[in-house]
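Chains as they are written, first to last, in this note's numbering: chain A, 1 to 353; chain B, 354 to 716.
Just so you know, the hints here were simulated from the structure itself, not pulled from any lab data. Be aware that a few hints might be false.
In silico DSS-like pairs for lysine-lysine, Cα to Cα no more than 27 Å straight-line [claimed, not checked]:
{"id": "1", "chain 1": "A", "residue 1": "Lys104", "chain 2": "B", "residue 2": "Lys410"}
{"id": "2", "chain 1": "B", "residue 1": "Lys610", "chain 2": "A", "residue 2": "Lys130"}
{"id": "3", "chain 1": "B", "residue 1": "Lys610", "chain 2": "A", "residue 2": "Lys12"}
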Amino acid sequence: MSGVTMRSIIKKYGDVQVIHGIDLEIDDGEFCVFVGPSGCGKSTLLRMVAGLEETTEGQMHIGARDVTRLDPSDRGVAMVFQTYALYPHMTVKENMGFGLRMNKHPKDVIAAKVAEASRILKLDDYLDRKPAALSGGQRQRVSIGRAIVRGPDVFLFDEPLSNLDAELRVEMRVEIARLHKEIGATMIYVTHDQVEAMTLADKIVVLRLGRIEQVGAPMELYHDPDNKFVAGFNDSPAMNFLDGTITEAGVEIIGLKQTVPTGLAGGHRGRRVTVGLRPEHLMIDPAGDAVTVDLVESLGGVSYAYLLTEEGERIVVEERGDKRVSEGQRVGLTFETKRLYLFDPETEQRIRD
Amino acid sequence: MRTRTSRQMTQTQAAYTLLLPFLAVYALFLIYPFFRGVWISLHDWNLLAVAFNPDAKEFVGLRNYERVMWGRNIEWSLFAAPFWQVLGLIGLALAVLLRLGDKLSRFNAIALGVASLLLIVIPGFHAGEGGRWFDRRFWPTVGNTLVFVGLAVPGVTISALLLAAAVNRETRAMSMLRTLFFLSQVLSVTVVTLIWQIMFSPRQGLIANITQAVGGTPINWLTDQQFAMAAIVIATIWWSLGIAMILFLAGLQDISKDLYEAAALDNATGARAFWYITLPNLKRTITVVVILQIILHFQVFGQSHLMTQGGPNDSTQVLVRYIYQTGFRDSELGRASAMAVFLFVIMGCFSIIQFVVGREIPE
Chain A
1 MSGVTMRSII KKYGDVQVIH GIDLEIDDGE FCVFVGPSGC GKSTLLRMVA GLEETTEGQM
61 HIGARDVTRL DPSDRGVAMV FQTYALYPHM TVKENMGFGL RMNKHPKDVI AAKVAEASRI
121 LKLDDYLDRK PAALSGGQRQ RVSIGRAIVR GPDVFLFDEP LSNLDAELRV EMRVEIARLH
181 KEIGATMIYV THDQVEAMTL ADKIVVLRLG RIEQVGAPME LYHDPDNKFV AGFNDSPAMN
241 FLDGTITEAG VEIIGLKQTV PTGLAGGHRG RRVTVGLRPE HLMIDPAGDA VTVDLVESLG
301 GVSYAYLLTE EGERIVVEER GDKRVSEGQR VGLTFETKRL YLFDPETEQR IRD
Chain B
354 MRTRTSRQMT QTQAAYTLLL PFLAVYALFL IYPFFRGVWI SLHDWNLLAV AFNPDAKEFV
414 GLRNYERVMW GRNIEWSLFA APFWQVLGLI GLALAVLLRL GDKLSRFNAI ALGVASLLLI
474 VIPGFHAGEG GRWFDRRFWP TVGNTLVFVG LAVPGVTISA LLLAAAVNRE TRAMSMLRTL
534 FFLSQVLSVT VVTLIWQIMF SPRQGLIANI TQAVGGTPIN WLTDQQFAMA AIVIATIWWS
594 LGIAMILFLA GLQDISKDLY EAAALDNATG ARAFWYITLP NLKRTITVVV ILQIILHFQV
654 FGQSHLMTQG GPNDSTQVLV RYIYQTGFRD SELGRASAMA VFLFVIMGCF SIIQFVVGRE
714 IPE
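Okay, chain A solo, but in the shape it has when bound (with noise of 0.2 Å):
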């Protein structure tokens, strides 16, 4: 068993806190992605984990074990870096081995894992080159073969695909994917993408300033985020936010000129909410006369109009197919009323009906 436990995790700089108190469960054998916006703590959090920042207070756990305390060594992780940090005078053998010959294991053991590892990154014809000599691809191909030839407890990734072109990025992505099927390790993964994070995670932990948002899984996410933050970010282009008031007959979205229906009424009549919706659940109606049309990125399959309502709000929508509409032209949106997120304007909770 070694999942990995945290409990009011603090980090502090001098006076300066950057973690405010986490506690996260991950199973064994799970795939955990911490996202977030730049300086949200996520790197930090992953460095906590490995031993390489010290946890000012609070408990971390490796299956049974109290690693708080613990040198990185001594914690059964191992660590892929987004630089790679391969060894330069090295060959990529004796990178991938370095660590058991550190702690003393023979030499035919090592040779063995190294072997293996090579097998499973298909590096067996790289091993006697030095990091110098390969591409950034196979680069951080060794680096993943370090950490599995040490045979760690838990695996981190910090940002490991960041360096690479968009073309190597999806191709290591499916192998990461595929490594962690093969393997059934613990894996945390820091990653700033959201594409990353949906398409490799069990669990996604989403963190902003130190604090995590909301835990949960890709889809629970996507379909069910507690807040304004969490659904502006898993998305590409981003959730559209409007100024919206609750009304005797549902919701009054302003700068559409539609009122929908909620189940909401009642009590909060009167109540100022942002509406939340995303470019691909909205639907451009050519007869409509709410919004003007600014703007329309095609990308070939998919095309992205972006519309300006009268009060100055911008929308994105998501269109599919050979239907395109001009700029400077008038239309209306249309969507289906459960698509559709209130949150709270002041707090940026989700408002549930």
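We have chain A already, so just place chain B on it with the hints.
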């Protein structure tokens, strides 16, 4: 409309124009004197006599070199200086074996081989029966210089490396320490030797005081044949630490922090991280520092001249001081120039090595 090139200089022309002042000064003050020195070394040239009468010199070919470096009845045998020659043989054997076992790169094998060969050949010369060296002081002086270089270079390199590793942190205290350690570098040799003469003084010196405090008898550093060279080496290490430390600091800052974090996860921290991560990544810097120091310390003069006057009993007499004395005290400019050419050849070899190493493609 006229073309650009007819009005303006081409890049090549501009380059030569800008280089010209430097080349002129370089030729006048370095190239010409160098060839002039070689020319003088081929003459029996008394400084004072030639100064008063420019014709009072005589072309003698290579005789100055013979008088400085050779003797009567000089023989060569394998056991003239058993220690050095056996060491050379061991080195040669190692170079061949390690190369065959592929444990040594070709460059290193050749370097070790050549050094070993020199160690076998050079100490093997000795005066045979009834023979003598024409200049008894020259080779011992070369030996002293080699001992000085052999002690000062590793001394400076190792202490500068350890210091650099220790002060390579971004705190205010460390940047102050960096400045402090570098400060000795800006002092002139006169000041440095003065400081260390006081330090080494058997009566009021700091070292003597410490020795006495722990109950020992103070060493007479500068007048004891056993310790004089060590004293000069210590002063030199203290003096020339700064540059080497700065070079190492630059090298250390090139090593990514991630590497140390990866190493920490691989259970290599502290001394092991230094050995497995820092040292291999500093290999090129270390080579550069070592060769620069070799070239620098072969020219040692001030320390020996001011602290011990070459003594006691010639034990700290070094090549440049001997050249200086031969040329300007004894006025034997021809012989002095021959020695200077010899020194030039040695340093030229190390400069070439540095050039070759510097051009090696980084891994």
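Verification of the hints:
Between the alpha carbons of A/Lys104 and B/Lys410 the distance comes to roughly 73 Å, so the proposed pair goes past 27 Å and is violated. Using a Cα cut-off of 27 Å, the hinted pair B/Lys610 and A/Lys130 holds, with the two alpha carbons roughly 19 Å apart. For the suggested pair B/Lys610 and A/Lys12, the alpha carbons sit about 21 Å apart, so the restraint of at most 27 Å is met.
The structure shown violates just one earlier hint, number 1.
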